[in-house]
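Student: The primary structure of each chain is shown beneath.
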Amino acid sequence: MINAKGLVIVTFATATLAGGAIAQDIVRIASPNKVTTLDPIASAAAGNIEAFGQLYARLLRKDAEGKLQPALAESWTVSDDGLTYTFELRDAKFSDGSEITAEDVAFSLNRVAKDEASAYPAAYAPVSAFTAVDEDTVSLTLDYPSAPMLSYMEIFNAGIVSKDDVEARGEDAFAADPVSSGPFMVDVWKPNDRLTLKANPNYWREGYPKVAGADLIEVQDDNTRTSMMLAGEIDANRGVPFAQVDEVDASDSVNVPLSPSTLIYGVMPNHTKPPFDNLNVRKAAAMALNREATTKAMTLGKAVVANSTLPNALTYHNADIAPPAYDPAAARELLESEDALGAEITLMITPTFEQAATLLKAQWDAAGFKTTVERVDGGLWWDRLTKGDYQVTINWWYNETEDPDLAVRWAVCGSCGNNSYYTNYNNEDVNQMVEDALREQDDAKRGALYKEIQRISTEELAQIPLYYPPFANAYSTRIKGLTLTPALQWTLEETEIVN
Amino acid sequence: MKLSPMFVCGATLVAVWSLIALAAPLLATHDPYAIDFEALLAPPSADHWFGSDNVGRDTYSRVIYGSRLALYIGLLGVIAPMIIGMTIGLLAGYFGGWVDTIAMRVLDITVPFPFFVLVLSIVAVLGPGIENYFIALALVGWVGYARLARAEAIVLRSSEFVLAARTMGFSHPYILFRHVLPNAMSPVVVYMMTDVTLVILFGAALGFLGMGVSPPAAEWGVMIAEGQIYISSAWWISFFPGLAMVLIGVGFALMGDGLAKMLRIER
Amino acid sequence: MKILRFIVSRLLQSVPVLLGVSIVTFLLMVNTPGDPIRLLVGVRASDETIAIIRDRYGLDDPILSQYFTYLGNLVQGDLGASLRFKVPVSELVAQFYPVTLFLVVYSIVLILPPVILLSVWSAKRPNGPADQIIRIVGVIGLAMPVFWVGLLFARFFGVTLGLFPVSGFGTTIPEHFLHLFLPSLTTAIWVVPILTRNLRSALLDEMNRDYVTAGMSKGLGAPQVFRTHVFPNSLLPTLNLFAVIVAYLLGGSVIVETVYAVPGMGKLMVDSILARDYFVVQGATLVFALTTIVVMLAVDILSALIDPRINT
Amino acid sequence: MNPLLSVRNLFVRFGETLAVDDVSFDLPKGGALGIVGESGSGKSVTCRALMKLLPTTALAKGEINFDGQDILGASEATLNTLRGKRIAMIFQSPASHLDPLMRIGDQVAETLRKHTDLKGRAIHQEVLRLLDVVRIPEPERWAQAYPHQLSGGMKQRAMIAGALACKPDLLLADEPTTALDATVQKSVLDLLVDLRKSQGLSMIFVSHDLGAVARVCEDVIVMRKSRVVETGKTREVIDAPQHEYTQMLIASHPDRLTLHTPQPVPQATPLIEARGMQIRYGGGGLIDILTKRAGGFLAVKGADFTVQPGETLGIVGESGSGKSTMARALVGLVKPAAGEILFEGAPAKPLGRNRAAYLRDVQLVYQHPYEALSPRMRIRDAIAEPLRRHKLCPAQEVPARVADLMAQVDLDPTLGDRLPAQLSGGQCQRVAIARALAMDPRVLIADEVTSALDVTLQAQVMDLLIRLQKERGLTMIFISHDLAVIRRLCNSVIVMRRGEIVEAGPTGQVFDDPAQEYTRTLIDAIPRLEAAHP
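Residue numbers (our numbering), protein chains in the order written: chain C, 1 to 499; chain X, 1 to 267; chain S, 1 to 312; chain Z, 1 to 534.
Wrong hints could be hidden among the right ones.
As the list claims (entries may be wrong) - Dumping the calculated DSS-like pairs for lysine-lysine here, alpha-carbon to alpha-carbon at most 25 Å:
(1) K190(C) / K86(S)
(2) K451(C) / K67(C)
(3) K387(C) / K67(C)
(4) K29(Z) / K119(Z)
(5) K387(C) / K273(C)
(6) K301(Z) / K233(Z)
(7) K86(S) / K114(C)
(8) K119(Z) / K52(Z)
(9) K198(C) / K86(S)
(10) K387(C) / K370(C)
(11) K480(C) / K198(C)
(12) K52(Z) / K124(S)
(13) K86(S) / K163(C)
(14) K52(Z) / K29(Z)
(15) K124(S) / K301(Z)
(16) K61(Z) / K114(Z)
(17) K225(Z) / K61(Z)
(18) K186(Z) / K114(Z)
What the hints assert, rightly or not - Among the chain S residues that face chain Z by a calculated CB cut under 8 Å, a handful are:
(19) R54
(20) L101
(21) D205
(22) M207
(23) R209
(24) Y211
(25) T213
(26) A214
(27) S217
(28) G221
(29) P232
(30) N233
(31) P308
(32) R309
(33) I310
Simulated from the structure, these hints should not be mistaken for lab results. This one's a predicted model, so the numbers in the text were calculated from it and none came from an experiment. Using N, Cα and C, we set each Cβ at its ideal position, and we do this for glycine too.
Same shape as in the complex, but just chain C (with noise of 0.2 Å):
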């Protein structure tokens, strides 16, 4: 009575302040990676990778095709031997409007490759120095050649920020409202809820960026953002879970393209832990295994089988090879001849991978496992992740850059720092050949020495591939010219509002 009254009033209400509060210029990106600061060298965690591309410029960038072409760098050269590079500046200027010199590049980009804090220093590995030879020439020599350091001017920790406010205001104060040398600039930062950007005026791309801000803001929950797309509120929605993609797509403001990314899901034993210490008991978890009815069952037909303990997206992907095929009675006869049948062995995940955990068990369990799932959360399964505490584990990772060299030294490399993606998988050949190949100049042969790297790695179940998803990103019909590059940065530079 009084309730259904108020409840008439509310709704009046509503409706009218509605109608107001949609035209917005400004493009709301809701993600359930977090923003946790704003200094690109210390952080690799995806949600603060997204944001370093909107705010720092880098020397070199990717066009849609995915070719390398000039940014704050008009053009460079190499030298023979491929140990010094030489990048010529072009006339651009930070957020403040102080002028980008070779002083600022030469400090960001040591920073990143040189200071002990930096959060992903791996691609710099074979860096000397960044040094500014003149006010628009900057110079790196390398150790050793590297083929693919050009690639890596572009990626999210070689922004280049301002020397002058770093060090005018500290780290600290830097990393909460950087000076930006990107699209845009900080408007508002409230941890754990939003970044508010608005466009940077003094970007050196004219007519660029096309919007006057963007929102990237943190939603947690997989329904919740459906809930928010579909409803309006958010003009593009990072993560769609597959099974919402067919009933997303379907609204008539919303599309929800699939597109390429360089992810791959995977199974991870650890390799110095028994059973999985065994490459027979290996082979009888990846028999077990269908992975075909696996993929279509976790991403609803939309993902791509793996075959290789590489991403398909990456250069000199090897589509020749493939784990053993399904064949529980053959994975049984295995685990019996090793005198590991009925074996127990505890799967660690994390909540995102309960279906996958689910699945993994029953198909193990029926071909001789004794399965018990544990159920973390992030932070325990980092810690124990990287302590190696544990049996066996599901997780995903991405590559970067289409070229190979980061992706190898993350997920097979024994001596590379991260222990194979923790699952310490340490081959002496493998680990010779990821050198080998940074070092190697002629394309064939690295091209060889990849698809060898990945036919030992998949071959010894260094990981068992479960599949290539695409990215499953919604995006409102309001927009045109967003979406999600594999390298995990968002096209907001070139995105128009239509509607």
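Fit chains X, S and Z to the supplied structure of chain C, relying on the hints for placement.
Tutor: Chains X, S and Z alone, transformed into the frame defined by chain C:
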């Protein structure tokens, strides 16, 4: 004592669920853990009465088996807090003085914590799993019971029959156990009935935040949480466990209400 | 003045309580397995990098000294800084607390009218049809998982009907009301039954009191007796439960804030627990605890104003 | 002349139970009618039916005619113009009949606001006048007070003031004096008698105490088990009761009971002796300790008394005088702040290590029959409990001992399996006594054991105690606020007031020739059948 119809309804509902839990293997049509790649997200049909979930498991069988876990969580989840809370509350209320002071200070510190957040932090410390959830509940949930028991004990402490027992020269432990406890039980038991519902719900909420029972357990809360993203495409995955949860919750709540009425403490 | 002295003494009493809360929280946090730095710098960082950063943050100091450093800062009003965001915790609290407070107060505003209406309605005829229906519907409301209700509301009221926003907080006060409507409604769904049940039984208790008969004997008539005697007396026990409910609402805000992407304290708290952001959890817990204490104090003062028998 | 109120064939039914069975009476204008009966006799229900103030579950039939207005058939609206304005009512326990959250003045004013056109200042003036009429001192001050700040007598006066506010034609008084101390009771009765004269009130006065009725009313009806058993002029009914029940009622009145004066066994050492006993409640808080003050409230300010073997000592006093506290100290429920207790000349330690042994000799029986037994324990177990816990007899003999004890207190052995709630008050009190006797004590302390019982039961319990004392040679300490009861049972008496013993001596001496004015007031306040209207 006349049975109130509400109590009968509630008790019947709980009894039915208990029977279902006991007879789960007989009632279930499928293995609740068996995945079936051929029947992913199958809608309700003659084969899958409540449809199937995202890995092809039979929702009906899982709801049936889920009753075991629900009752287990609901009952065990309140027993430890009740025992701890009753003990502390009775001792504090009966003896008063410094015992009461200490108990009340501990209570003061526990109360201002947001209940759910504290449970969450404890689960984060101990790791996920039902047992740890029980421990967290025991550490946090005793407060309500302690308050009730203390209030009762304070009244009973000066009641004539307790005084009479003391003038009979009986020992304090004996009086506490034989005279105070039985007479302090009613409000506690009634509170417990509501608490069972809340404990089941909290368990589900933990599942929602990804800190609940580990898969592939047939736990309603986790099932609802898992089924959420299929709410438009395969509503049955979360609907049926949700319905089951409401039905068992209603059962316990009605039992509590009825009990309260029968014991004349109307809450 | 008496009231003022009461408030001051109660607030002083809350100091040891808050200290206890902070010790418990601290112990919980340092014992939680998982490394905040790993979560901070991301998956790719090497162990060496992490060790260096740990050291910079002082996380390798002995636990006791960490706590005393924290306590020392706390006494000076410094809640510390977030490990994740490197911004002061007080800034985060200032950002998120008003949102949750708004949500809780809004929920209460939505909760009270139906609670009063329904409990009076069902107490008028105990065990009559209205009473039974209210009871059953209430029990069902109570037994539904909040996150499920939230999802359904968001889809129905937000997407299908397009009446209310399904997320966020907005920037202006009317927007706040709009954005938090569904979260508050979702909260109300399970709080209304609890309070209704309580107020109903309090009303029934009070309706059987002797002073009701006395009032009737004066010819006041049932409505007036109810208004002037029964209702004020029934408020006391409900008021006390109310304080507990507010504490529950603060804690329960975790779920609704997650479901509706409301940038509030509950979400901050959970995210901080998951990210092992010790000082944020500490600070948020203290603020929550202080809120609960203040609410309880307010309830006590209110009770004392209503009930002359209570000594302040 | 038409009667003001005429009741014809009134029936009130609660479900299956008939609470009022065919009651008829008339009340002339200016008359006062008493309704007497024990608890559950239907007297209160009758009284409330006169205002149709019955619970919704009640079904009333018959005819009630008030000044030409049919009450039972009247609408709620009509009734509300009568209630408070023409018919007013006062109740038994003023504490619970006043709204604790409302100032006294406002509660008195409620009736005025409802039924008169008075406003603001005028209402206030009228409230003050009314409070003055009911002899509340400083009306200005007490009008502002809340009920809990008033004494019981004041509360009752305030309620009467509210009832008188609109100058009603008829005042219904439902046990208005029952819960009050004797002196207060007397003053309230005096007030009612005065008001009848000064305000020309007609009155119906309901009470279980014939003495109180006798003081106020010329006419009386006696009810028992929902029916009227006798009607008549009060004086005549008291002097020549016709009905058997009325006769018993009158015979049970303490006024009419034969005195019992047990002779103490002369002995050099008294059985129990208290020396300078002080008892303090509260205190001992942090501030008290710091300031080295005693703090709290002194409930007993130094008491000395002796009890000889075989003697019955009566302790009398009004509520709050410290008499029960003293009894509790004797059995170790409270710890004396100073002084000592001697048992057979030796210091007794009711709280010490040997308390179980001491308590076997000294037992206490409590006031409220239902509250003194655990509601969840069968009475057989309750009686057996001390036997079993203290192993007072071999386990196999326990049932026989229980049966024996039940026989001693005249309890039907078939009652053994019942819970206390299934017994009557008198039966419960017997169980409590049997339980105390199970310890085979030498001293029995009876703390107001008869106060909560109806007169006839009261008489029976007293008889039981007398018999037990004779049979077992018990020494008794009998605590009561009722002087008539004390006079009947005790051979010496202590009068207490505000924690102090103001008078002590042999019963006969204290009653016939009290040394203190206070004692005299107490004795004068005893409701007497003789005081009835001529």
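Student: All hints, please: hold or fail.
Tutor: Hint check:
The suggested pairing of K190(C) with K86(S) holds, with an alpha-carbon distance near 12 Å, which does not exceed 25 Å. Taking the CA atoms of K451(C) and K67(C), the gap is about 23 Å. The hint holds against a cut of 25 Å. About 39 Å separates the Cα atoms of K387(C) and K67(C), which puts this hinted pair outside 25 Å; it is violated. For the hint linking K29(Z) to K119(Z), the alpha-carbon distance of about 31 Å lies beyond 25 Å, and the restraint is violated.
Between K387(C) and K273(C) the alpha-carbon distance is near 12 Å, which keeps this suggested pair within the 25 Å criterion. Between K301(Z) and K233(Z), the direct Cα distance comes to roughly 48 Å. Violation of the 25 Å bound is thereby established for this hinted pair. For a cut-off of 25 Å, the pair hint linking K86(S) to K114(C) stands: about 22 Å separates their Cα positions. A distance of roughly 29 Å separates the Cα atoms of K119(Z) and K52(Z); the hinted pair therefore is violated under the 25 Å criterion.
Among the hinted pairs, K198(C) with K86(S) is consistent with the structure: their alpha-carbon atoms are about 22 Å apart, no more than 25 Å. Between K387(C) and K370(C) the alpha-carbon distance is near 24 Å, which keeps this suggested pair within the 25 Å criterion. Note on K480(C) and K198(C): the hinted pairing holds, with a Cα-Cα distance of about 18 Å set against a maximum of 25 Å. Between K52(Z) and K124(S) the CA atoms are separated by roughly 19 Å; this keeps the pair inside 25 Å, and the hint holds.
Between K86(S) and K163(C), the direct Cα distance comes to roughly 20 Å. Compliance with the 25 Å bound is thereby established for this hinted pair. Our distance criterion of 25 Å between C-alpha atoms is met by K52(Z) and K29(Z), whose separation comes to about 20 Å. Of the supplied pair hints, the one linking K124(S) and K301(Z) is violated, its CA atoms being roughly 52 Å apart against a limit of 25 Å. Annotation: proposed proximity of K61(Z) to K114(Z) is violated, straight-line Cα distance about 29 Å (limit 25 Å).
Restraint check for K225(Z) and K61(Z): satisfied, since their Cα atoms lie roughly 18 Å apart, inside the 25 Å limit. The suggested pairing of K186(Z) with K114(Z) is violated, with an alpha-carbon distance near 32 Å, which exceeds 25 Å. With 8 Å as the threshold, the beta carbon of R54(S) stays out of range of chain Z, its nearest partner Cβ sitting at about 46 Å, so the hint is violated. The interface hint given for L101(S) is broken, as the beta carbon of that residue sits about 30 Å from the closest beta carbon of chain Z, more than 8 Å.
At its closest, the beta carbon of D205(S) sits 13 Å from a beta carbon of chain Z; the interface hint therefore is violated under the 8 Å criterion. Against a cut-off of 8 Å between C-beta atoms, the interface hint on M207(S) is violated, since the closest Cβ of chain Z lies about 10 Å away. Here the hint on R209(S) is kept, as its CB sits about 7 Å from the closest CB of chain Z, short of 8 Å. Hint on Y211(S) holds. Least Cβ distance to chain Z is approximately 5 Å, under the 8 Å limit.
Given the 8 Å rule on beta carbons, the hint for T213(S) holds: about 6 Å separates it from the nearest Cβ of chain Z. The beta carbon of A214(S) is positioned within 8 Å of a beta carbon in chain Z (closest approach about 4 Å), and the interface hint is therefore held. Because the beta carbon of S217(S) sits about 4 Å from the nearest beta carbon in chain Z, less than 8 Å, this interface hint is met. For the restraint placing G221(S) at the interface with chain Z, the shortest Cβ-Cβ distance is roughly 5 Å, inside the 8 Å limit, so the hint holds.
Taking 8 Å as the C-beta contact cut-off toward chain Z, the hint placing P232(S) at the interface holds, the least distance being around 5 Å. With a cut of 8 Å, the hint placing N233(S) at the interface with chain Z holds, because the nearest CB-to-CB distance is about 6 Å. Among the interface hints, the one on P308(S) holds; its C-beta lies about 4 Å from the nearest C-beta in chain Z, closer than the 8 Å criterion. The beta carbon of R309(S) is positioned within 8 Å of a beta carbon in chain Z (closest approach about 5 Å), and the interface hint is therefore held.
Proximity of I310(S) to chain Z is violated relative to the hint, the smallest CB-CB distance being about 10 Å (cut-off 8 Å).
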